[in-house]
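A.B. asks: Could you build all of it, start to finish, from the sequences and the hints given here?
Residue-level listing of the chains:
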Amino acid sequence: MKFEHNGKDNRPTSTKLCAACYPQWYPARQSIRLDPKGKSLKDEDVLQHLPVGTTATFYFRDLGAQISWVTVFLTEYAGPLLIYLMFYFRVPFIYPPKYDFTTSKHWVVHLACMCHSFHYVKRLLETLFVHRFSHGTMPLRNIFKNCTYYWGFAAWMAYYINHPLYTPPTYGEQQVKMALIIFLFCQIGNFSIHIALRNLRPPGSKTRKIPYPTKNPFTWIFLLVSCPNYTYELGSWLGFTLMTQCLPVAFFTLVGFIQMTVWAKAKHRSYLKEFRDYPPLRSPILPFVL
Amino acid sequence: MASGEEDGAVEEKETNNKKKRTKSAIATAWLTFYNIAMTAGWLVLALAMARYYLQKGTHKGVYRSIARTLKFFQTFAVLEVGHCAIGIVRTSVIVTGVQVCSRIFMVWFITNSIRQVQNQESVILFLVVWTVTEITRYSFYTFKLLNHLPYFIKWARYNLFIVMYPLGVIGELMTIYAALPYVRRSGMYSLRLPNKYNVSFDYYYFLIIVMLSYIPLFPQLYFHMLRQRRRVLHGEVIVEKDE
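Sequences listed follow chains A and X, in order. Each residue of the first sequence is one higher than the one before, starting from 1 at the first, in full-length UniProt numbering. Each residue of the second sequence is one higher than the one before, starting from 1 at the first, in full-length UniProt numbering.
Mixed in with the good hints there might be a few duds.
In silico lysine-lysine, BS3-like type, Cα no more than 25 Å apart, as pairs [to be verified]: (1) X:Lys196 x A:Lys105; (2) A:Lys98 x X:Lys196; (3) X:Lys144 x X:Lys19.
Bear in mind the hints are in silico, worked out from the structure with no lab data behind them.
C.D. replies: Structure representation (structure tokens):
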């Protein structure tokens, strides 16, 4: 579609352009480009500052139904929280009826429930109060994919940990205490990184800056790693695996690690592209290794 | 000086091009050998099965007689996933991976381990289908690599599958279904609670899930082949849906 402007037009590109003519394509669904194979223009781009003459040709693409990141995060995290508790309280139809509403006799099972629940409550609160999202929305089909992943794995893990025939860790109290220390250390670390990343960005902005270590020792890992939030997340789940000694948890940790490595590598690459002076010592997710 | 730098750069480019050409010469040589070997292998299997049936007049015992050869050549096909992964064959790693996995699964985890199904008619069905399909496919690749592809091989490759794929799926599904009672009774490949890894696995239910997975997977592979067919035989340009 072509638009003529008199050089003084200060309207942002997508918000007003199509919304008036085609109301079913709300702005979050629109991808507007100057070149069909190029990158989408950003919401903040202003007509006057684009490399176009007095007549501009834009290419429109429908991104499909969109859903906000916040909604997706809240749904995908609330699921595991509630599902795990259902298994913990041995709600009927999961285990043989004689175990309905009983509690496990192993104290590690209670501890595991507290840790798992704490983890997801933390995630929910961070979604509401800490994170500053670059994009407002993502494609609608992602919520089905993501929820299947989180909810499915939560049910699979919770089934075994809260099972009447659960076997506590081989090395007993020692193993569980060590695991708890690792878990808590990494939870605090992960939270510290989230706060540090939030503070890079003034409220409502979408600026991108290189993160650096702050006074908080948990952020000193920024010296060696681009995405320490993923590093700490891996650590938390390794702790939880050690605590529960449950193969499905190990599997979940592995799959999560693979996905986070993919994300960390992409983030690391985009840092390197965007910032000439990016610290060379940093690795994407594991210091010196990955 | 500028010209000195340029010469250096040109030389580097030439060595790089030379490296690429030697690499692809080695790749072509290896692939040609591989495809000839696999064509020969499946031909041997076809002849062995035909000979057994003509001599004994029954299909019972055919599987046992060719089991070792079948396991060898079918397992060797795992290399094809590697070929895609390193890029010497331009096919999706996932598509190849799924196909090879289903073959390995049938051979090693169904017919090899569950003796009672080895004389089922459904086994003969999928063995015949696999043999026809593989001989066609590997000879197609061989001739293509040798730059001398007879039309009838191309025709066979892109038309026989229309009948072979569904027949093969029927044979495989019927075999797995026939295996279910034996799996349940023997409890094979299964892990029960309690155990120190806090996990359980029931091969019986796993097989049921495998059978159900044919429902989404088979149409995708089938339509993928149909699209290829249209493109190769009729030169149609297929516009893929954007993601």
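A.B. asks: Does each hint fit the structure? Answer for all of them.
C.D. replies: Status of each hint after checking the structure:
1. X:Lys196 x A:Lys105: holds, 16 Å
2. A:Lys98 x X:Lys196: holds, 23 Å
3. X:Lys144 x X:Lys19: Holds, at roughly 23 Å.
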